Amino acid sequence: MKFTASSADLLDALNTTSGAVPSKSTLPILECILFEQEDDRLILSATDLEISIVQEVPSVQFAANGEAGREGIAVPARRLIDTLRALPDLPVTFSAGAGDAEGDDQIAVRLETDQGEYKMVGHDGEDYPDLPALESEESRIEIESALLSRAIAKTSFAVSQDALRPAMMGIYFEIGPEEGRTVATDGHRLVRLTTDAMVSEDELSFIVPEKALSLAGRVASGQPDAGDDDGEEEGESGLCTISVGEGHVGFNFGSAQVMARLIDETYPNYGAVIPDENEKTLTVGREALLAAVKRVGLYSSSTTNQIRLHIDDDRLEISAEDIERSSEAHEEVRCEFDGKGEQEMTIGFNANYLTEVLSNFSDVEDVLFKLSTPNRAGIVLPDEQREGEDMLMLIMPVMLNTPA
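Note that my numbering has the sequence shown beginning at 1, numbered continuously upward.
Hint data in this document are derived by calculation from the structure and do not stem from the laboratory.
Be careful, since some hints might not be right.
Mimicking EDC-like on lysine to aspartate or glutamate, the simulated pairs with C-alpha atoms at most 16 Å apart in a straight line are [as the list claims (entries may be wrong)]: (1) 211 with 332; (2) 2 with 36; (3) 294 with 332; (4) 370 with 383; (5) 2 with 117; (6) 280 with 383.
The following label-pair restraints were derived from C-beta to C-beta distances [claimed, not checked]: (7) 199 with 161: 27 to 33 Å; (8) 386 with 138: 40 to 46 Å; (9) 331 with 27: 52 to 58 Å; (10) 202 with 324: 53 to 59 Å.
The model shown is predicted, which means the values in this text are computed figures rather than measured ones.
All C-beta atoms in this analysis are idealised placements derived from N, C-alpha and C, irrespective of residue type, glycine included.
Generate coordinates for the entire structure from the input sequences, incorporating the hints supplied.
Next comes the structure, spelled out in structure tokens:
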């Protein structure tokens with residue numbers, strides 16, 4: 001195999017593919033990226049046996065005398081990526097062949113530029129594990145890459161990291177003929193994003209590992225006109241086809257595919273924890289509240305991160321105290337409160353959790369809290385929903401042990 005490509009294009013493709021390369025593995029070949037030639041296309045693949053990524057490299061010129069019959073070459077990912085990162089954007093020539101490599105399964109790999117030559121040892125691609133194939137009979141859903149990127153960005157922060165609750169270590173997809181939902185919760189926070197842009201003829205439900213969706217989101221945000229990393233910018237974008245099969249899911253972006261094993265667990269009945277009787281409403285400027293929570297949260301207990309929200313008519317006081325360090329802080333912001341006959345209310349939240357919830361409403365001016373009592377979950381909504389979308393976040397309160 002021999003080809004010439006832009007070092008920047010090759011590095012971009014390698015950075016995407018390397019997301020599926022394990023940092024350490026009992027199978028050393030998994031720490032490599034598989035290079036394959038398909039006609040005049042260069043295809044890169046990587047897998048950790050749970051998640052797989054396939055990426056095409058653009059604008060590659062293959063040498064006429066390249067070894068077209070070779071099945072593929074597995075190249076050490078870290079060394080190749082580090083080398084390309086250290087180079088400026090310039091043409092690089094990649095060549096591989098048995099040459100002077102030692103061992104029957106080793107292949108000499110060379111990277112040449114106008115500045116120098118870099119040699120490393122690769123392995124025969126036949127030794128690389130087979131990647132899962134997406135079957136034609138699988139259920140398929142089409143969604144704009146920008147909208148998928150947004151759904152992932154808005155929900156992934158609430159995914160649980162608790163290995164004892166494996167069902168909650170992924171994002172739950174519920175898709176039907178009229179709308180689709182992505183849901184994530186760790187027991188302290190919950191996010192439910194409903195959109196009419198993700199639909200299926202069949203009723204589908206499945207749990208995708210957070211790491212796989214993070215990688216899919218990274219690919220989606222790099223698609224044409226897909227917007228920034230949060231998928232916030234409007235405009236037409238490339239399409240992603242989501243293929244759901246027995247035990248696995250694939251995200252096909254055309255030039256790149258992300259495939260993963262599904263989490264084989266039953267997702268909790270999240271609807272049961274969303275209160276429907278929270279009649280008290282608090283409307284407040286998102287940026288002002290977020291900034292106050294960040295500052296006051298610095299003075300909260302390092303154990304509980306507890307802050308107090310005291311609402312008094314049109315004033316919202318945010319306060320915190322750390323008794324062990326003899327420190328405290330409070331700030332006041334303007335608000336609108338409909339307490340259904342009550343002018344005051346006090347409720348406690350974890351400052352870090354509230355910060356993350358508010359941060360993920362980055363495209364709205366005001367947020368709406370729907371509250372009931374200090375010991376019941378609060379619902380947080382944008383003051384205005386996007387067209388075709390319904391976003392809901394839930395945050396559990398913390399019990400206040402000190403007087404207001």
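Quick rundown of the hints versus the structure:
Restraint check for residue 211 and residue 332: the C-alpha separation of about 39 Å exceeds 16 Å, so the hint is violated. In summary, the hint linking residue 2 to residue 36 is supported, as the alpha carbons are separated by about 11 Å, within the 16 Å threshold. Distance check on the hinted pair: residue 294 and residue 332 sit about 13 Å apart at the alpha-carbon level, within 16 Å; holds. The straight-line distance between the Cα atoms of residue 370 and residue 383 is roughly 11 Å, inside the 16 Å bound, and the hint therefore holds.
For the hint pairing residue 2 with residue 117, the CA-to-CA distance comes to about 14 Å; that is within 16 Å, so the pair holds. Our distance criterion of 16 Å between C-alpha atoms is met by residue 280 and residue 383, whose separation comes to about 15 Å. Against the hinted window of 27 to 33 Å, the Cβ-Cβ separation of residue 199 and residue 161 comes to about 31 Å, which satisfies the hint. Roughly 29 Å separates the CB atoms of residue 386 and residue 138, a value that falls outside the hinted 40 to 46 Å.
For the hinted restraint 52 to 58 Å between residue 331 and residue 27, the CB-CB distance of approximately 54 Å keeps it satisfied. Hint check: residue 202 to residue 324, Cβ distance near 55 Å, so the stated range 53 to 59 Å holds.
Checked against the numbered hints above, the structure violates hints 1 and 8; every other hint is satisfied.
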